[in-house]
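Please construct the entire structure, taking both the sequences and the accompanying hints into account.
Residue numbers (my numbering), protein chains in the order written: chain R, 1164 to 1519; chain Y, 538 to 641; chain A, -3 to 333; chain S, 2 to 606.
Take every hint as true, because none was put in to throw you off.
Some but not every residue of chain Y turned toward chain R, in silico, with C-beta under 7 Å: (1) T539; (2) F543; (3) S544; (4) I545.
Sample of chain Y residues at the chain R side, in silico, Cβ under 8 Å: (5) M538; (6) F541; (7) G542; (8) S546.
In silico PhoX-like pairs for lysine-lysine, Cα to Cα no more than 25 Å straight-line: (9) R:K1170 with A:K237; (10) S:K59 with S:K76; (11) R:K1407 with Y:K547.
None of these hints come from the bench; they were simulated from the model. Every residue, glycine too, gets a C-beta built ideally from N, C-alpha and C.
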Amino acid sequence: MIYEGKKRIWSEYQKDIPDDHWYYVRSCIRQNFFPASERMFTEITRNVLGKDLYETPHHTTCGGIAYHCDTLPQETAMTIVARQFALMTEAGYENYVPSCITSFGNYAEILETWEEFPELEAKIRENLWKACRREFQKPKYLAHSSDLIFHWRDAIAAKAKHLLVNPHTGAPLRIVEHIGCHYAKMFPSKGEGGAEYPYVLAGMIESWGGEVVDYPERRHCCGYGFRQYHVKANRGYSISNTYKKFESMEPYHPDAIITNCPGCPYFLDRWQYVIAEQTGKTYGENGFGIPVLTYEELAGLVLGYDPWNLGLQLHQVAVEPLLDKMGVDYDPDAKYLGVNREDIMRPELPKSIRCY
Amino acid sequence: MTDFGFSISKSATIDMDAVDMELYERVCRQVPSARICMSCGSCSASCVAAPYSGMSVRKVILALQRGKDVRTMLSNCMLCGKCSMACPRGVNTRNLILTVCRNL
Amino acid sequence: MKQNVVIIGGGIAGMEAANQLQLLGYNPIIVEQESALGGHVAQWHKLFPDMSVARDVVGRMSKSIASTNVFLDTRVVSVKSSRSHYTLSLSNGVDVTTRVVLIATGFGLFDARKKEEYGYGVYDRVITNGDLEQWMNGCADSRIPESPRSLGFVHCVGSRDLKAGNNQCSKVCCMTAVKQAIEMKELFPDSELYCFYMDLRLFGKKYEDFYINAQRDFGVHFVRGRVSEVGEDIDGRLCVKAEDTLLGKPLKIHLDLLVLMAGMVCHPQTSKVAEMLRLDVGNDGFFKSRDNLANIQESNQDGVFYAGACTGAKTIPETLAEARAVALRIHSYFNNL
Amino acid sequence: MIDRIPSGFHPFVIPFLLGMAFVLGYCAFGLFRIIKQLSWKERRKLAVSLITPETVVKNIRDIFCDCLFHVKLWKRNKLLGYMHSSIAFGWFMLIVLGHLEVILFVPKRINLFYYPIFFNYFVAEDEITLRGSLLFFLMDFFLLVVLSGIVLAMIKRVSSRLFGMRRTARPSFLNLVGLYALWAIFPLRLLAESFTAHISGGSFLTIPANWVFRQFLGNELNMLPTWWAYSIALGVFMCVLPFTRYMHIPAEMLLIPMRNAGLKMVDARKGFTRVQVLSCPNCGVCVDACPMSANRANLKDCTVYLTRQVRRGNERRIEQISDKCLMCGKCKEVCQVGVDGAQLRLMQRARRQYGFSPDFSNLPQSQIISSSSQKNEKVLYFGGCMTQLTPAIGKSVESILRKSGVDYEWMDREGGICCGRPLYTAGRTREAEQLVQKNQEIIKNSGAKVLLVSCPICYKMFLEHYDLNDIRVVHYVPFMLDFIASGKIQLIQSEVSYVFHDPCELGRGCGMYDEPRQLLKRVAQIREAEKNREMSVCCGGSLGSLSLDFAQREKITRASLDNLCGSGADAIATACPLCKTTFSRYSDRPVRDLAEIVDELIIDN
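As structure tokens, this is what we get:
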């Protein structure tokens, strides 16, 4: 691997990212999958870095999943998106940051389509006006929330409590970065570092002291693919993709995987249990799996937040090995205690993969 | 083991590192012209058995190179020799077929 | 007093045209931006279909124009045109006035880094056809392992690729790949060689023989399918993915070396030269001939002619034939024939 | 004539006796083994034939014609015929006359096996009789005949071209030993008899020689060594005989009655096949005849080398030689012993082991719907696979049928099931049988009375391996001759001259030589190639060969074309789609099927 070559490519895919005043839209599913992630994002931007981030309760789904499942016509999806832009315009913002990768891809695709077909944009404006009497400005800047963390990665590193370094050995942790397909595969220029060698998560890992694992199947989909997972008959296809990725990364013995997509961490995390059940194979050390984190969760750990406040107990694969390697102080007994140390009950633990 | 109602399916990808080329190489040693097939498909198009078993000498050669099964294709070959007549490169298709059958 | 003819570009087209013009009684002046004559051909090792040594070919040609005026390391800085003359100011401070300018700027080798998915410049074991020729010429290249077990050749890198900015076939890459595969097999008899192609466009004399030889005598494997992506595994070997389109199945293979057949694109200086001389450039980036059938060597400017790959991908014989033809054309231009 | 040596014995006869005992023992054992290898049915067939007067007469005639007079060789080349028959018949007569001498002069010694051979040593001439002189004259005469044969044989070793053979088989080491022993026998006999001629008497050869020798050598010391040498030469020859080509001498005696009894090759190595193999005299006539001899590399792939390798048990070479053969049958045609090279190879092919065999049970049962028209006898036309690639032939046959007003149906117009011949010749007889069954059913269900075939490959298969009840299998050539004879079609005579190429399967395969020529004569001028009819040269495209590669086939085709074009004809006519395609590839003149030629020249009513 020629690092200079990658750097050259990264230098070609740089995005203009304003430093402040963002209009934030949440993901439909992330709050259920990894509930602390979006909370952590607002925490970091507002409280740690002191930035202006605006949210509105009127925000709805962007229609992305339905669009990709072929259950929604494109014009409908566009009108939904137009409404989101209208909400942003009404709030007086012009920098739009979605939390969801599919949303990000959806917005990027729609803005690009309007660029190519202005008459379509005019029609959507008309649709929106007819539907809810709203008007909108297109966002001046569109970024994904991981772009922002990437943008502020050095600021976060400066405030870091725990770096991605094993305090006992001094060795950097080996981290797999997995980018959501809709981040840059459609428009390489819309992603930090492009589509082939994306830098958005790699940059965070580097800044926070870790070592990026580059493995042959790094480009491959996590296996979620809406039409695969959501149709039960196709789930074998879904898990097969995940399996392929794990088989490919296995020789590198990664310490953790970080992702920037709603579905990826969920499937990379949960499928490890199913793979263990079906094949008896686990990919971490000593019968554990490989911990899968969102970049917000990782940022939270780096900044020294309590792992249980970051919702890491909701992961299928035990995160404790990673916490140990990072030197994070945690109370094992508090794992299943909620707010005010209230017992939130312990889940049944699987036999095939080691969990706490 | 929990039954999830679905399972990991075998990859459709041909893993060239794992393909056993022994049979192909053995056949090529005995029928050197097998190597010069250029996959034009004349043999398949003229094949008498093609409608019944999907026979195609081109595909047989390719399948040998990719470690795929050739039995189904060969199962209806009548050895009529139209393929050798049609082949523009002079591949000795009939000997190839017989040699493969001997080595299976 | 002999008439001047300024030839921009000292590759084989420029050299051959200079030789012929000299024989016809003109005073050719070659302006070459590099420090040596011969252009791309001089960088090559052996040339198909006779496996001639490129250096000898170029050497013979430069000997034939030993008495010609050649400005090396020189570029045209600006051009002033009057009604019937062009005055070219060169970067070495010389001004030349001429009635005829011959463009022989040739082509540029496609920058394989643009095909990011192949990892040229990112992976340790990915090189281009040009790199391989230079290595065969004796230049050390750490990317080429000592005894590779498996080697791959990717055809059409930056050719027939709308997204890479070149929709055209580069004509010579298929044959180059077959030639290089044979050469590599001769160097590494125990290795397995794979050519990943979309179509094999082996149109020239004896090209098909090379193909048959490669298959029959050298056991080169031809896989029909364009390489989609390349990864690097933990040992630094390349993991190459393509579809075997003849089987309709995806295929992957580990290779020790991947050679990218970078195609011919327009020379990087094309637009600059075109601007100075107010020449038309086609949508492929090459100089635009008056037409592509009978007047390939004619430009839209009076007294400006083309020879060789500056108007599109060409083989060496085609280039040389054009160079000879353009010399005659210039002769008739001078004599109002 | 009186006994010179009272005991009637001398040790010099021992080498001969040993050799004779060995060869007789060997042959007896061999005969026993071969008879044992025959099936019960075959044995019965053989036994019946040996007591049937007709076959007995035929056997005797064949043995005389083939083994002694070499009639076939005479037909081929007079010099070659003389060479062989002079040695064989001369030697035979020496033995017969030797016995006659013993019976006439010393009848009490007839039980001594060696006496007739060394007669001249053991007797002394007491009085000259006319009978004795005549016998001595005949003995010397036949010795001279044999010697002339030996001289010719020596010349042939140096220059086989004089004998009409471009190439001969290269003898192996033991064959050379046998050859030189054989060559030595008769000059030594001449010497020995000459040395004793003043005692035992002699004739025009031995007496003068005796006189000459006595002028130079003058004593009798030379007498015994030459008789020893003569005996040793005989002994050596007998001892190596079973391991050399001379085994054909006893083997052929068995081959002839077996063949006349109607035995067929049923095993790759045993029984009748073994006799055929042993009967090959290694004369090498098949080397030149083999079309593959156009390639130097294939010179050792003809039948003489196959029999040799089968005798040696060299399986690798047996497979190579068997797979390469075009199965054109020409070697059998030229073989004076009648070794069936193609059938021998087929047997070898059939014993090959296959890890995988095709299964045709899924092929559609019936494709032809029997049409109701019963006015005329319905003709079912089978074009065959190759005709699909030579559509002009099929179209022409169809057109002729239409013009003759025949009610026909084209069985495999859209492609059908192969006749099975290619599989059969590849040695896959069981698989071929499956195809035969399929086609048989289709043909029988079609309601046709006649099965018309245009491809000789299919034709031979239909004739030999199909059981079609009363359905007549006919090749289009005689069928069209019938049309012409009955006036169903009228033809214009064309000025174009054609040379007719006899396709292997039609000519040597089915014996159809005259009909195509009759047909051709009706429409065009006919020229003959130098090698035609039985001697026709395979086009090189034959499906019979499995392993012959494209470049080797090309040379064969060109050689065959040279033979045809030597006739100076304007065009080449044939009656096989495979020959047509193969020739068309390299021919400088048009190559047409008879059907095409005929169809074009029919007068439209």
